[in-house]
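Novice: Just so you know, the sequences run in chain order A and B. Going left to right, the first sequence walks through residues 0 to 499 as numbering that gives the first Met the number 0 numbers them. Going left to right, the second sequence walks through residues 0 to 795 as numbering that gives the first Met the number 0 numbers them.
Be a bit skeptical, because a hint or two may be false.
Only part of the chain A face toward chain B is listed, based on derived beta-carbon distances under 10 Å [unchecked claim]:
(1) A235
(2) E237
(3) S408
(4) C409
(5) G410
(6) C415
(7) K423
(8) K424
(9) T427
(10) K437
(11) D440
(12) M449
(13) T453
Here are the simulated lysine-lysine pairs, DSS-like style, with alpha carbons at most 30 Å apart [what the hints assert, rightly or not]:
(14) A:K437 <-> B:K85
(15) B:K431 <-> A:K251
(16) A:K258 <-> B:K55
(17) A:K443 <-> B:K116
(18) A:K114 <-> B:K55
(19) A:K402 <-> B:K128
(20) B:K128 <-> A:K470
(21) B:K128 <-> A:K443
(22) B:K58 <-> A:K402
(23) B:K663 <-> A:K443
(24) B:K58 <-> A:K114
(25) B:K85 <-> B:K58
(26) A:K258 <-> B:K26
(27) A:K258 <-> B:K4
(28) A:K424 <-> B:K128
(29) B:K55 <-> A:K443
(30) B:K309 <-> B:K606
(31) B:K58 <-> A:K374
(32) B:K116 <-> A:K424
(33) B:K128 <-> A:K437
(34) B:K431 <-> A:K141
(35) A:K251 <-> B:K58
(36) B:K189 <-> A:K251
(37) A:K437 <-> B:K116
(38) A:K424 <-> B:K81
(39) A:K470 <-> A:K330
(40) B:K430 <-> A:K141
Bear in mind the hints are in silico, worked out from the structure with no lab data behind them. Cβ atoms here follow ideal geometry from the backbone N, Cα and C, with glycine treated the same way.
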Amino acid sequence: MLFRYILGDSPSCRCFAWDKYSIQFYEEFRAQLSVSRKNSKERNTNAEYKLALQQTRITIVIMPRLVSHPEEVKVLSRRFGAGAAELEKYLELDGYKAVQMALAKGADWVIAEMKASGLRGRGGAGFPTGMKWSFVPKQSAKPKYVLVNGDESEPGTCKDHLIFLHDPHAVIEGTMIAGLAIGSKMGFIYLRGEYRYLLNIMEKAVADAYARGFLGKNIFGSGVDFDIVTHTGAGAYEVGEESALMESLEGKRGIPRIKPPFPAVVGLYGGPTVINNAETIATVPHALLMGGEAYAKIGSERNGGTRLFSISGHVERPGVYELPMGYSLRKAIFEVAGGVWKGRALKAVVPGGSSTPVLLPNEIDVGLDFDQMGKAGTMLGSGGIVVCDDQTCMVEFALRTIKFYQHESCGWCIPCREGTDWLKKTLTRFHAGGGVMKDIDNIKYLAENMMGRTFCPLGDAAAMPILGFVKKFRQEFEDHLNGKPCPHALMGEPELAGAH
Amino acid sequence: MADVKFTVDGKQLTAPAGTLLIDACRKAGIEIPAFCYYPGLSLQAACRMCLVRQEKVPKLQTACTTQVAEGQVFLTDTDEIKQARKSTLQLLLGNHPLDCPVCDAGGECELQDMTFKYGAADSFYAEAKQHREEQQWSPAVYFDRPRCILCYRCVRMCGEGMDVWALGVQNRGVTSVIAPNATNDAGEAKLDCEECGMCIDACPVGALTSGAYRYKTRPWEMNHVGTICTHCGDGCKTTLGVRRADEGMEIVRGDNRDKSGINGDFLCNKGRYGFDFANSSERIRQPLLRQADGTLRPVSWEQALDHAGKRLREIRDTNGGHSIGVIGSNRITNEEAYLLQKFARTVLGTNNIDHHRTADYMGFAQALTGTSGKTASLRATQSSPAILVIGGDPTEQHPALAWNLRTNVRLNQARLYIANHERIKLRRQAKKFVEISHFGYGPLANYLAGDDAAASAIGASTAALDELRQSLQNEAELVVLISSTDIRGAALDAMVKFTVQHPNAKIALLSDYVNSRGAADMGLLPDALPGYTPWMQRSHFLQEYGSTLPAEPGLNLLEMFDAADAGHLKAMYVVGANPMARYNIAPEKLRGTFLIVQDMFLTETAKLAEIVLPAANLYEKSGTVTNSYGDLQLVKKAGDCAGVRSDLELIIRIADRMGAEIGKLVHFGSGGHADMGQSRGAESGEADRHAVWLAANHLEPKLSPFDAFAVLDEIQRLTPGYSMSRMELLAGNEQHVEPRLTQNLLVQIENATQRQDMVLPSGDTLFTSGTLGQYSTSLKELQASHAEEEEPTAAD
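Given the sequences, and given the hints that come with them, work out the whole structure.
Specialist: What follows is the structure, given as structure tokens:
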């Protein structure tokens, strides 16, 4: 169900600013779905709910209002809002120039430029892109592939959504360049299942590119062939993990693979594969156009360029902003996003998507790049900054976080499958007031014994934030003990930001 | 692969490079617990129990996916690792129901064992467990969903191992469940599969349990006896769990916990569930004698045996030995078959001996004359790089063979070549599958043996055939398997010729029933003595058997019934066979014949007898049997049923009542007394080493004529090709035997006897097993539940 994923209860729902028409629609929609608040047990029997669900099975394309701020450095997002989804417009705005440069200058040049640019994976792992591409063996018995990871599912993140919406050709062009760099003839663009309504846009862009001879046989008359296939998932967070993504694309259950071997050596259908996040791929043409060194100069040391930050939560101006790497987190919140709303005080910041450990107000004087965030005990992650004001219940935040991971755990390995479930159950009871002191230790024990033991990093992603919350907000946990009501219990519906 | 040295817990180990750490450790005696790891199936790294600490690697590594390399250092027993294992178990036990008191796996459960070892039995969760309903997927397979720990062994076993793919995983996260591939009319989950029960074997906990054994007993209440399955010609080891019951020892369970047999990990539904005929209420438990009014009434053993002995003696002395016919069985042991033919030839004085032949082993042996080492054992199919299968359908008729072939292809990339007139399921593993016409087997055999002109009569393209022959000839090592259903007579000769011509090939002739090969090897044939010695070469046995050995060949099975009809055959002794049903013979033919039948049930043949003697089945006796391939294995007595006697004993007792000299029939009484006062009695199917040593060195006195090993001594001494290591055999290993003829006399035999093609394959499937199968409730239930299915879904 569309709205549940995009809007739902999570703080990321305030990431979009709505125009008045979509707000009206939303209000009517919410009225119809007033029953959606009931818990899952009743859902299946609730006739009204079912009826409402049937009535909502229409494809809705949401056009959120784009935000901007003078502090932004618009490299990747410079075409947003300009209608660049249309091929002609894209070409006007320097489209498909970078790939022609790559065709002319060859794979080695491309890889060298990408290494010089310092571009690091924007999905969250931050692996240097040039280095990743250089791992692909030159010779291969099996075909090589480029795979664009558009499975943006990290709570708090909504940047790739805008890329697919406003600049799909950049993704196509970036894929082609990656293919040229590694010697691949085929690219796959994988969109998360919840972005099914964006598939039309992407497919049209691909079709237009084929029609113009930019894709297919003999692209740009160069003698090189390149094909692109688009595909959507079916609603799982785990397939954002690169090997699970490959499994899903191959038609199997979205369970990660045993590594080694790594995708660069044995990937999709057994052939060497490069997997990049959509934002990373969309940055590639820009980095080549401006030159690797120039790109690297923007940003901080060993963290070249800019990235899209999805700032959401209790801020005055939530939205997606493109800021240079290393930009101050404090400035991002208080200047770019307009500071905490309603004149309230800051309580906590989750800086890179829900998997990253929480930061306290006195910990936000840190630059937003991979290294600095790592030193600060958290991670840059996917750049989804979620801001909490002082009326937020951190225990509920922890609960909401673990609910996500419990739901999304693929179920393959014991520590994650069972651990996230027990954490969720314990935290649910705990938040409802049924907790005792020992439960806090149990929660820590569960989370600690998940860390480093699981088959893939989802287990760590689930456990780390919980440990962070318990450590940094211990008092709040203790305030919920022994039947005491939650001191921050929300009254009524949260207001939408920007709904003035 | 070169060996590498690495260190585990301070101990230096050596293993070939690339070996999985978990295997290397287990071989060295270092215990690494694992649920999802199963040798031979794909790696999962899902359970996280096998985590170990590798030096210089920040995260704990799973031993099941780590390949050893030179100089690596591992720790497997630190506090960190113990805590990791303990917490994993705690998480598993969190949702695991406390079913131990009633769960079938209790006492044999890997989760229990690990919990005891790592002390994870304390629970601090206050919330409700995830509960899902128990399901019955088939008459044989129950799935207790709450107990499942999602190790995925069953999914892989059914898919990779059995190539049936009937199990899969549904849903995600903690709601994941194992689900079967079908639903019944009520919408409940159901399995559409081969019912092999391998999933039950593989399951480390009690999630998958056997419907035939469910809630019957506890493992420690049973003795486990390792013996050979009585059904098909593969001769799998099966471990029978027996428990004391009112009337003897009852078999309550069959499984493959031993895994040391030629069947390796595998056991099919017949070996697993097809033992319950032994407990059938229809078993005859008293001798029956036909009364004057025509009914069969129970009588005492004295009466029955006296009557039998007296009548046989009368008929022999009045009409001559040639007026008596003997029909043996392909489910009795080698010793019993040998004794039966010796009894017939030396006491009854007749060569009218036959049995239900499911393969022409006589022709096979004659074709192999002068060769040695040309027959393949079943083990060879596990490792040979190339295998040719002509005819038959191993999936249905020889499941262990099918398993070996699939495993060999999957793990060793063996090259499987199949020629068949049907698109058998095994073609999915074949490198080359050539579909031929139903009548193309003969020409195919000739073509392979070198006759190019035969290609046109095969029913496949010349190009395909040429490619097949070329590939086979290029194989450095080859195992040739031919099915007796489709390859007979001259075609059999041609296939043997092809094998012998090949620089390095071995051949096996597939037959049905546990001891078809043994029956033929032991000479239950009218024109051959043990070891396929033609009757005209009987001088080899003359000294031992004496002058009563008949000089002319006898009548075959069908001829015997014709002779009975014509009044020439006055008596017939049928041991463990049911020719009236099997050959569809009119009962009137026996109207003037004195018939003694030794069997478990009142079969169609037994119903016509004058005397019916209750016999034991293979699970209730000791001795040896030989599978289709020539692997001779030990059969150990498991069950016991009051009132029945082994066929061996009955033959001797009848001989005794006929006045024969038992000491000549069975050489017993030899062997010194050597009771060294050491304790005996092995547990759970292990070989008792001391007893083995004593027996192998002939220090076990054979004080009784009913001792099968006394007969085995003679078999080994006299039968060509049957010398073997008694020590190996008694230790539980198979011994490969093969025919060792020096002169091919088949043509002479055929001329003298107008030798007919008497081969009648059983035509059994996975759920039938001749007459025996009709008395097994389990097999009948499975058959009924599969009755409506057409083609097995996995075949396409």
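Novice: Against each hint, give a clear statement of whether it holds in the structure.
Specialist: Each hint, compared with the structure:
no.: 1; hint: A235; result: 7 Å, holds
no.: 2; hint: E237; result: 8 Å, holds
no.: 3; hint: S408; result: 4 Å, holds
no.: 4; hint: C409; result: 6 Å, holds
no.: 5; hint: G410; result: 4 Å, holds
no.: 6; hint: C415; result: 8 Å, holds
no.: 7; hint: K423; result: 9 Å, holds
no.: 8; hint: K424; result: 4 Å, holds
no.: 9; hint: T427; result: 8 Å, holds
no.: 10; hint: K437; result: 7 Å, holds
no.: 11; hint: D440; result: 9 Å, holds
no.: 12; hint: M449; result: 8 Å, holds
no.: 13; hint: T453; result: 7 Å, holds
no.: 14; hint: A:K437 <-> B:K85; result: 19 Å, holds
no.: 15; hint: B:K431 <-> A:K251; result: 28 Å, holds
no.: 16; hint: A:K258 <-> B:K55; result: 18 Å, holds
no.: 17; hint: A:K443 <-> B:K116; result: 24 Å, holds
no.: 18; hint: A:K114 <-> B:K55; result: 28 Å, holds
no.: 19; hint: A:K402 <-> B:K128; result: 17 Å, holds
no.: 20; hint: B:K128 <-> A:K470; result: 28 Å, holds
no.: 21; hint: B:K128 <-> A:K443; result: 20 Å, holds
no.: 22; hint: B:K58 <-> A:K402; result: 26 Å, holds
no.: 23; hint: B:K663 <-> A:K443; result: 82 Å, violated
no.: 24; hint: B:K58 <-> A:K114; result: 28 Å, holds
no.: 25; hint: B:K85 <-> B:K58; result: 17 Å, holds
no.: 26; hint: A:K258 <-> B:K26; result: 25 Å, holds
no.: 27; hint: A:K258 <-> B:K4; result: 23 Å, holds
no.: 28; hint: A:K424 <-> B:K128; result: 10 Å, holds
no.: 29; hint: B:K55 <-> A:K443; result: 27 Å, holds
no.: 30; hint: B:K309 <-> B:K606; result: 21 Å, holds
no.: 31; hint: B:K58 <-> A:K374; result: 20 Å, holds
no.: 32; hint: B:K116 <-> A:K424; result: 28 Å, holds
no.: 33; hint: B:K128 <-> A:K437; result: 20 Å, holds
no.: 34; hint: B:K431 <-> A:K141; result: 24 Å, holds
no.: 35; hint: A:K251 <-> B:K58; result: 28 Å, holds
no.: 36; hint: B:K189 <-> A:K251; result: 23 Å, holds
no.: 37; hint: A:K437 <-> B:K116; result: 26 Å, holds
no.: 38; hint: A:K424 <-> B:K81; result: 26 Å, holds
no.: 39; hint: A:K470 <-> A:K330; result: 26 Å, holds
no.: 40; hint: B:K430 <-> A:K141; result: 21 Å, holds
Violated hint: 23 only; the structure is consistent with all others.
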